[in-house]
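Enquirer: Residues per chain are reported as follows:
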Amino acid sequence: GENVEQHPSTLSVQEGDSAVIKCTYSDSASNYFPWYKQELGKRPQLIIDIRSNVGEKKDQRIAVTLNKTAKHFSLHITETQPEDSAVYFCAASIHRWGNQFYFGTGTSLTVIP
Amino acid sequence: DTEVTQTPKHLVMGMTNKKSLKCEQHMGHRAMYWYKQKAKKPPELMFVYSYEKLSINESVPSRFSPECPNSSLLNLHLHALQPEDSALYLCASSPPGTGAPYEQYFGPGTRLTVT
Chain A
3 GENVEQHPST
13 LSVQEGDSAV
23 IKCTYSDSAS
33 NYFPWYKQEL
43 GKRPQLIIDI
53 RSNVGEKKDQ
63 RIAVTLNKTA
73 KHFSLHITET
83 QPEDSAVYFC
93 AASIHRWGNQ
103 FYFGTGTSLT
113 VIP
Chain B
146 DTEVTQTPKH
156 LVMGMTNKKS
166 LKCEQHMGHR
176 AMYWYKQKAK
186 KPPELMFVYS
196 YEKLSINESV
206 PSRFSPECPN
216 SSLLNLHLHA
226 LQPEDSALYL
236 CASSPPGTGA
246 PYEQYFGPGT
256 RLTVT
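Here the protein sequences come in this chain order: A and B.
Just so we're aligned: the first sequence equals residues 3 to 115 in the numbering used here.
Just so we're aligned: the second sequence equals residues 146 to 260 in the numbering used here.
Since the hints were derived computationally from the structure, they do not count as laboratory data.
Any given hint could turn out to be false.
Keeping only pairs whose Cα atoms sit at most 25 Å apart, straight-line, the calculated SDA-like set for lysine to any residue is [claimed, not checked]:
(1) 167(B) x 150(B)
(2) 167(B) x 196(B)
(3) 198(B) x 115(A)
(4) 186(B) x 7(A)
The shape of chain A in the complex, shown without the other chains (with noise of 0.2 Å):
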């Protein structure tokens, strides 16, 4: 089955830098690549996704890069809030069986004000 390893599992950054976290997968049948952030107590919110055709993906201050080739793929918050402090959950996604999601071990991002 797939195996997804994400890095860091814990960051700290000075409000305003950049956040960079990182997820590899194992499986070169994986053609999605979702991003979720949870805040405690609440659900993973999809906060931006891409597809194997795509190489990268922007959308305001997050953009998500994907390196089939690798295998790996890198979630990046510039200009970082405290409102961004979260768990940020990586998962790679094969068209198999119902659409099974494969997560990361998780990232847990604190923005220091």
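Assemble the complex: chain A is given as a structure, and chain B must be docked to it using the hints.
Expert: Frame of chain A; chain B shown alone:
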């Protein structure tokens, strides 16, 4: 309606009780999921329903019994649970995938405590 809803928000049950969790979506999604999430851990897949049929059971103990009565509803029946089953239970849905992957949206979850 662009939401997945779940009831109840919180549930406390004894090890001999029988209870059910409910999930509903009206987005026309045809794949629905149950996940279990422990604190500071990623969601752990339990079951996947695709077009109202169980397509994935991740070796979940039989004390958890899923049911999909129709395309909008997903239930999780609980019986004889253990304290280690205490967790946040998340429901999710995604559109049907026919050759292309689709987004998955989560409900707010049910916080379950087994005493």
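Enquirer: Taking the numbered hints from earlier one at a time, note which ones the structure violates and give those numbers from smallest to largest.
Expert: 3
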